[in-house]
Amino acid sequence: MERKIKVVMAKLGLDIHWRGALVVSRMLRDKGMEVVFLGNQFPEQIVNAAIQEGADVVGLSTLGGNHLTLGPKVVQQLKEAGMDDVLVLMGGVIPEEDFPALKAAGIAEIFGPETKIDSIADFIRKKVSLKEALG
Amino acid sequence: MAANNAKQHTKLFDSEALKQVEAEKKRWLEQTVKNNEAEDAYSSDSGIPVKLLYTPEDIKDFDYMNDLGFSGEAPYVRGVYPNMYRGRLFTVRQIAGYGTPEDTNERFKFLLNNGATGTSVVLDLPTIRGYDSDDPEAEGHVGAAGVAIDSLEDVEALYDGIPIDQVSSNIVTHLPSTTVVILSMFVAMAEKRGIPLEKLSGTNQNDFLMETTVGSSLEVLPPKASFRLQCDAIEYASKNLPRWNPVSYNGYNLREAGTTAVQEVAVALANAIATSEELIRRGNKIDDFARRLSFFWNLFNDFFEEIAKCRASRLVYHEIMSERFNAQHPKSHLMRFHVQTAGITLTKVEPLNNIARSAIQGLAAVLGGAQSLHIDSYDEAYSAPTEEAALISIRTQQILQVETNVTNTVDPLAGSYFVENMTKEMADRIRAYIALIESKGGLVACVESGWLHREIADFAYQTQQEIESGQRKIVGLNYFPAGGKKTEVNVFRYPEDAERRQTEKLKKLRERRDNAKVEETLKALRVRCHEDTNLMPYIKAAVEAYATLGEIEEVFREEFGLWQFPLV
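From first to last, the protein sequence lines stand for chains A and B.
Under UniProt numbering, the first sequence has 13 at position 13, and the numbering climbs by one with no breaks.
Under UniProt numbering, the second sequence has 404 at position 404, and the numbering climbs by one with no breaks.
In short, the hints are calculated from the structure, not lab data.
As the structure is a computational prediction, the values presented were derived from the model and not from experiment.
Keep in mind that a hint or two might mislead.
[As the list claims (entries may be wrong)] With a Cα cut of at most 27 Å, we get these calculated DSS-like pairs of lysine-lysine:
{"#": "1", "chain 1": "A", "residue 1": "K103", "chain 2": "A", "residue 2": "K31"}
{"#": "2", "chain 1": "B", "residue 1": "K331", "chain 2": "B", "residue 2": "K285"}
{"#": "3", "chain 1": "A", "residue 1": "K79", "chain 2": "A", "residue 2": "K127"}
{"#": "4", "chain 1": "B", "residue 1": "K473", "chain 2": "A", "residue 2": "K31"}
{"#": "5", "chain 1": "A", "residue 1": "K116", "chain 2": "B", "residue 2": "K473"}
{"#": "6", "chain 1": "A", "residue 1": "K131", "chain 2": "A", "residue 2": "K103"}
{"#": "7", "chain 1": "B", "residue 1": "K51", "chain 2": "B", "residue 2": "K25"}
{"#": "8", "chain 1": "A", "residue 1": "K103", "chain 2": "B", "residue 2": "K486"}
{"#": "9", "chain 1": "B", "residue 1": "K26", "chain 2": "B", "residue 2": "K424"}
{"#": "10", "chain 1": "A", "residue 1": "K31", "chain 2": "A", "residue 2": "K126"}
{"#": "11", "chain 1": "A", "residue 1": "K116", "chain 2": "B", "residue 2": "K486"}
Please take these sequences and the hints and turn them into a complete structure.
What follows is the structure, encoded as structure tokens:
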């Protein structure tokens, strides 16, 4: 049997809007992934959880404008922990002009509020299986 | 009051005539309509079945005097004031808030100079959550999505040159723990300017559900502590600020997080019930505080259901105040509410369509009898509104006010078979949901157990499934999708140097103020946290010594402990 893809999902920092992160968590579960929803956390706790859970993917949800500071921090701290193969994704209300900076910082993809869950799930599957193939 | 004398049933329809209508409708369905559509083929967003056509039969027991009456009189379905918008148009209240208090003060003045009739300020996340701008947890958030407030000095800068004795001030304080501090700063600022407190008119949000249920976050206070602070602010204002609404029960954010229109109103009303019971337990009388309780609704696209919701909410509130609490003062029975149009219904694709959505939602607010209105800006799915987008929102309100004539008569949809039927359905369902909350031990218990969180999460999940499957249609998104066509939108950028400017100010304040005095006031507050007493006077003493929001909140966090948000 194929192993389940493991996703650690968190709201970034003090941001208080949990609907998106929660709904995406539930829907990725429907798509057969194992999702650990952390609620709100700062980068350090998110990285610790990713290590403990052996996460393939870290999903970060943000609306409040902290994406440029805290998002790259998660990538950086994963790298420092030797977890640089973890796929870091962001979702929420993020201006498109910030996408290049986020991608340059190592965020694999950014999903806006109208992304269909299928696109997110497909993206994760493709990237994770590619990673495994490259082994 | 007329309605009090009108206990006898005022029949609107002759029973013979109703029978004839019923028979004719049956014939019409069989001979003219001729389709076999299932009865439940259509329903409102809250799941209320909607028929093809409504007749007097659908409101056959309708009793004009007891179910509807006149505006400004019980049961207030038709509006809280007799002449409604002829007496005073709804307040155009657009939210503003970004950067430092000095930045937001400029936006206030722009909006006031363009016809806004009140100010409404939204706070940045560190402020909402009770952290100072120089706190490590605030990094990246300062002045984003709202304005940064750290001390009395900031409140003074925010309202500098704004005549707060003439224009009303809405302060979106969200959490009670923030409310008690910012309200104290506002009062202290007014006193320093020599403005009598009875001239201060405005609203703060102050809803413990914002801390414990609607907004997830780290380090929140336990529901009971948050609820206590909510009640402290209401009790303080009822004694000191006669024109201040110390709570705006926040149905809005419940709805954004994920509830039906019915749940939105029922949960907010359950909160009003819980507050009233607590303040009465403390020895207050219902008429001491009920007249200043206010509400905050979120109007989605289901036009008639939303109008019915507004009407039904007034009816049920009046019942609660009269039957349950025996309130005597007429103003204690008035449900006054602010409406913000539904941010979550706005799309990132084809954003200009959002102008239409918001205008229709705004029209429902006016037909529903709102006291004040914020129309969301079309760029909401991108960022905080640009000046240009905010101006379109104000213009939409002004078009409603002076070009459409919809404000000329009171409650123009009254008597519509459909609207009256829907209003009754909404009222029945709101009552039933309040009863459900009470059967589970009341609202605070429903939060502590995570029950309310599950209700919200389930609805949000179900809605998203409906959108993904196409069952719930959204123009440009899953109905005639835009297909990659892009609209250029100017994105509002928060001032990048706000964090630096704000933390420098704060550093100077900490050097300048009497730190021994600050310590002394914080210590006094700390002790009172464990007594059955109102904390407002002690908080006010601390802010007058220029204690910061973060320092006061730290006292709360240490004395009340922290609560784990139930993950669902």
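Consistency of the hints with the structure:
1. K103/A - K31/A: 26 Å, holds
2. K331/B - K285/B: 14 Å, holds
3. K79/A - K127/A: Status holds; Cα separation ~18 Å.
4. K473/B - K31/A: Since the Cα atoms of K473/B and K31/A sit roughly 23 Å apart, the hinted pair holds (cutoff 27 Å).
5. K116/A - K473/B: 14 Å, holds
6. K131/A - K103/A: Between K131/A and K103/A the Cα gap is close to 18 Å, so the pair holds against 27 Å.
7. K51/B - K25/B: 12 Å, holds
8. K103/A - K486/B: 21 Å, holds
9. K26/B - K424/B: 23 Å, holds
10. K31/A - K126/A: It holds: about 14 Å lies between the C-alpha atoms, which stays within 27 Å.
11. K116/A - K486/B: 18 Å, holds
Checked against the numbered hints above, the structure violates none of them.
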